[in-house]
Amino acid sequence: MGGARGRGFRDFIKHIHPPKVANSTAGVLPTLCLGGLSFFFFLLLLVTGLLLMLFYQPGSPAVAYDSLTVIQDVVAFGWFVRSVHKWAGQAMVFTVVLHLVRVVVTGAYRPPREFNWVIGVLLLLFTVLLDFTGYLLIGDATARHALKVAHALAGEVPLAGFALQLVLFGGPPDADLAGVRVYLWHCMLLPLLVAVFSFWHFYRVRKDGGVKWPL
Amino acid sequence: MGFHVSRRGFLKGWLLLIGAVLAKGILDFMTSETQGTVPDKDIFIDTVQLAEGSVMLGQKKVVWLVRDEQGYYALDRRCTHLGCSVRWQEEQRQFICPCHNSRYDLRGNIISGPAPSRLVPVKLSRDKNGNLIADRKVVVDPGWRLTITG
Numbered sequence: 001m002g003g004a005r006g007r008g009f010r011d012f013i014k015h016i017h018p019p020k021v022a023n024s025t026a027g028v029l030p031t032l033c034l035g036g037l038s039f040f041f042f043l044l045l046l047v048t049g050l051l052l053m054l055f056y057q058p059g060s061p062a063v064a065y066d067s068l069t070v071i072q073d074v075v076a077f078g079w080f081v082r083s084v085h086k087w088a089g090q091a092m093v094f095t096v097v098l099h100l101v102r103v104v105v106t107g108a109y110r111p112p113r114e115f116n117w118v119i120g121v122l123l124l125l126f127t128v129l130l131d132f133t134g135y136l137l138i139g140d141a142t143a144r145h146a147l148k149v150a151h152a153l154a155g156e157v158p159l160a161g162f163a164l165q166l167v168l169f170g171g172p173p174d175a176d177l178a179g180v181r182v183y184l185w186h187c188m189l190l191p192l193l194v195a196v197f198s199f200w201h202f203y204r205v206r207k208d209g210g211v212k213w214p215l
Numbered sequence: 216m217g218f219h220v221s222r223r224g225f226l227k228g229w230l231l232l233i234g235a236v237l238a239k240g241i242l243d244f245m246t247s248e249t250q251g252t253v254p255d256k257d258i259f260i261d262t263v264q265l266a267e268g269s270v271m272l273g274q275k276k277v278v279w280l281v282r283d284e285q286g287y288y289a290l291d292r293r294c295t296h297l298g299c300s301v302r303w304q305e306e307q308r309q310f311i312c313p314c315h316n317s318r319y320d321l322r323g324n325i326i327s328g329p330a331p332s333r334l335v336p337v338k339l340s341r342d343k344n345g346n347l348i349a350d351r352k353v354v355v356d357p358g359w360r361l362t363i364t365g
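Chain order of the listed sequences is S and H.
Taking this note's numbering, I'd label the letters of the first sequence as residues 1 to 215.
Taking this note's numbering, I'd label the letters of the second sequence as residues 216 to 365.
Hints in this document: simulated from the structure, not taken from any laboratory.
Hints are not guaranteed to be accurate.
Cross-link-like lysine-lysine pairs, in silico, DSSO-like; alpha carbons within 27 Å at most [said to hold, decoys possible]:
#, chain 1, residue 1, chain 2, residue 2
1, H, 239, S, 86
2, H, 227, S, 14
3, H, 352, H, 256
Per label pair, the in silico range of CB-to-CB distance [stated by the list, open to error]:
#, chain 1, residue 1, chain 2, residue 2, range
4, S, 124, H, 275, 50 to 56 Å
5, S, 175, H, 234, 39 to 45 Å
6, S, 210, H, 250, 49 to 55 Å
7, H, 297, S, 79, 34 to 40 Å
8, S, 26, H, 223, 22 to 28 Å
9, S, 138, H, 276, 35 to 41 Å
10, S, 158, H, 230, 54 to 60 Å
We put the CB at the ideal spot given by N, CA and C, even for glycine.
Please take these sequences and the hints and turn them into a complete structure.
Okay, structure coming up:
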């Protein structure tokens, strides 16, 4: 790669890498790369998710399930893309939780990094919601019942319960619109939130002085 | 003669190979056909009732069956211009394409219109129940006929 574009790319790489890394944190051990792994899984989920969107049909559970059988059995490498998406999703929840444990154990949540802890907790919430909405999109019996439970839980929220049900599911849990809404949250809102908050999270790591050990 | 590959070159080569395999897989994925596709075969039932000089559309509606004095023959329904499905116009005794008005006679020869060539004659066979099966994958000579009996 040469010319202005190549230089721009190199500059970008130079800037996202910290200029200085403390010897004590240069290895794998202090962080175990759990945050980076989580983001790697997120990128993998974006790519495989976009591919799955080419064939997935949101709406009624029956139609959704049928489209999944087509992805599984008809689409070239569809089974593989869906498997990668599913397991990367499970793995992301796993690494995000381990990342939280690591931050607690090493005390990395303490000031001045307490604000990044808050962003991190929100990211955990978005990750779990992504996992859960993905599980609802399958459209099998489990997913249909889980959708009912989620709908009822949203209704338990004091005062705003009914409004929340309407916004999140568009009405009753067994109507087609509920499937469309869950699809919307899973493919649009939640990934966008994870992307924005992730970059905020990374920015705060650098702003708070990079990876420090011990703190 | 020494053959030297640098570490960077070696890695680049592997990366290129993996990238190519991945790209091929993704392309195959994206171009998978999952919606109902047009069948290659068509079936004709009760062909004995077809009078000489008359036509019949297959059950799948993709092939025209014609009976003349020598026997049966089948014509792919796709217009050779842009692939629209031709209709049989009994008053004029012509196959007419609804898209750009290409016209063909009973044998599939061009009468007029933008079509570059005649309707494609395809293979016809008889199954064990006496139904006629047309296969659009197998093109036959325009003079080819399936005998009435047999």
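Consistency of the hints with the structure:
no.: 1; hint: H:239 <-> S:86; verdict: holds, 22 Å
no.: 2; hint: H:227 <-> S:14; verdict: holds, 21 Å
no.: 3; hint: H:352 <-> H:256; verdict: holds, 8 Å
no.: 4; hint: S:124 <-> H:275: 50 to 56 Å; verdict: holds, 55 Å
no.: 5; hint: S:175 <-> H:234: 39 to 45 Å; verdict: holds, 44 Å
no.: 6; hint: S:210 <-> H:250: 49 to 55 Å; verdict: holds, 52 Å
no.: 7; hint: H:297 <-> S:79: 34 to 40 Å; verdict: holds, 37 Å
no.: 8; hint: S:26 <-> H:223: 22 to 28 Å; verdict: holds, 23 Å
no.: 9; hint: S:138 <-> H:276: 35 to 41 Å; verdict: holds, 36 Å
no.: 10; hint: S:158 <-> H:230: 54 to 60 Å; verdict: holds, 55 Å
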